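K.L.:
Spelled out from the first residue to the last, the chains are:
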Amino acid sequence: MPTRTKTVLIWLLTFTVMLIICMPGLWIILSAFRTNGEILTKPAIWIPQNLTLDNFRAIFGFGENVIGVPVSSYFRNSLVISVTSTFLALLIGMTGGYAFARYQFPGKSSTFLWLMLSRTVPGIALSLPIFIIWSRLGIIDTKFGVILVYTAINVPFTVWLTEGFFRQVPNDLNEAAQIDGCTRWQAFWKIEFPLAKSGIASAGIFAFLTSWNEYALASQLTRSTDSKTLPVGLMDFTAQFTIDWAGMCAMAVIIIIPALILTFLVQKHLIAGLTFGGVKG
Amino acid sequence: MSKFSRAIRDHAVPLALIAPSILVILVVVLLPLMFSFYTSFTNYRLIRPDTLWDWIGLRNYQRLLADWDFWVAFGRTILFLTVALNLELLFGLGLALLVNKITWGQRTLRTIMMFPMMFSPILVGFQFKYVFNDTIGLVNNALQSLGLTEFAIPFLVDRWLAFFSISFAEIWMSTSIFAILILAGLFAMPKDPIEAARVDGCSNWQVFRHITLPFLMPFIFIAMTIRSLDVARAYDVVDVMTGGGPAQRTELLWTLIARTAYDDARMGRANAMAYASILLSIFFTWYFFRKLMDARKHLGAF
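Heads up: the sequence lines are chains A and B, in that order. Each residue of the first sequence is one higher than the last, beginning at 480 in the numbering used here. Each residue of the second sequence is one higher than the last, beginning at -7 in the numbering used here.
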């Protein structure tokens, strides 16, 4: 095959694949700015006649057509729950990751394996006992209850990622600092933490995204506007008599934007953390 | 002093450092799982709290073994995972090799490739519920506008089409994990062995089969391990798209657990099923983790 034809074929293939990846998401974004009337028209209207911000106004409770889904409360809940659980998971996971990277102790590898295995438990399977216990403890449908669960499900992965990043910081630096009169604590904060900082930040963003996107557990542990998160709230639309597609699309856009920004910020470190943590052992 | 307390004293610092991690997993994962293990031996129903003490031994498990709905959902879950994981690997490998070939605009392509990873599974489900909808869906609209079909195709209603649709959503969501990690492997690959093989007269296929692929294996297994850590997030996707329906046609193990526990309020029985799903997840992770360890040993040669 001539090189020219080959290049064209490769680009054509690439274009098709990228179209499949992007098209559904772009369609949702476009629909978020259309009216339900236009979405429901048959035969389909392909070129939008008039784009509008009404759907966004409606889900946040402005404008004339207010809908029954309290998106701003859900947004606030999602934010509070994700930020708090990320902070806690980072604090707990980082200390654990540091211990795994720097110390030898009996049962080290089996403890590590068990921590990871705890992450494999399907959310829906874990939700059953937690639902019963949290109900008895009276922390069902509270932000605290969800934060506690999210902290725990984020800890294993945070340990794994931070362990990898701490191990990349040469131990010599830490020892040199201690010879120069630093305590281990000072050596950590002045030498090791700054060097591993970008890695720790990406572990944090990863934890945030996990909490932000989680559905299986939240759908059972939250009931009202006190604690319902955005992914659970999206399902409110399906409970209504007619599905408000445009409103759902607008809410989907609200959910995706923070995730989009954070993933762009973290992409380089995340790949490095995942691959080299795994390959170099 | 006993051996145990000496071990604690000698390793006080690291043990204190990992204690919070262990404690939080203990409270939120381990103890609840022990509790649910207990309830799987009772006739516990949510609406009658006193049934928590109604010990019925192995009867939940016996009923499960004889329950046709359970086995159908279990079989469908295995089929779903087999189809999805294999195609994700295949497409991911293909996509990585394709992007690796392109030099102009590669960074942009890599970023686009990460796009599905940002989507919450619930959004992936919603997105394809919308795209495959029979009256207003993108696919049906396109097919009708192009005059390919006169009638709407019931993508989410017909048994096999619905299975195709949920698999499509799952594959769309997870292929990029494979593509990105395999691409990272391709970047890390030394060029010398490939050039040497070409000088020795190897064909493209031989180079790929005997040099590139073995080098990529650890990366493939990392992707598989990460992926198998949460095979169960397919629950979110399916719950939005079809809810396991219509008439249980897309019921997976996870949607069946949710239905039995929360709709039928039969917690004891649901917990017995939950244990099947936990074992399934652990099996997948453990299997690929061992493969990863083996592949790492072979990689030592490079």
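Keep in mind the hints are simulated off the structure, nothing from the lab. Be aware that one or more of the hints could be misleading.
What the hints assert, rightly or not - Once the Cα atoms are required to be at most 25 Å apart in a straight line, the calculated PhoX-like pairs of lysine-lysine come out as:
hint, chain 1, residue 1, chain 2, residue 2
1, B, K183, A, K587
2, B, K183, A, K485
3, B, K283, A, K485
4, B, K93, B, K183
5, A, K587, B, K93
6, B, K183, A, K669
7, B, K183, B, K289
As the structure is a computational prediction, the values presented were derived from the model and not from experiment.
K.L.:
Next, verify each hint and record whether it holds.
P.N.:
Now the hints, each set against the structure:
{"no.": "1", "hint": "B:K183 / A:K587", "in the structure": "violated, 37 Å"}
{"no.": "2", "hint": "B:K183 / A:K485", "in the structure": "holds, 23 Å"}
{"no.": "3", "hint": "B:K283 / A:K485", "in the structure": "violated, 36 Å"}
{"no.": "4", "hint": "B:K93 / B:K183", "in the structure": "holds, 14 Å"}
{"no.": "5", "hint": "A:K587 / B:K93", "in the structure": "violated, 42 Å"}
{"no.": "6", "hint": "B:K183 / A:K669", "in the structure": "violated, 39 Å"}
{"no.": "7", "hint": "B:K183 / B:K289", "in the structure": "holds, 21 Å"}
Consistency note: the structure conflicts with the earlier hints numbered 1, 3, 5, 6.
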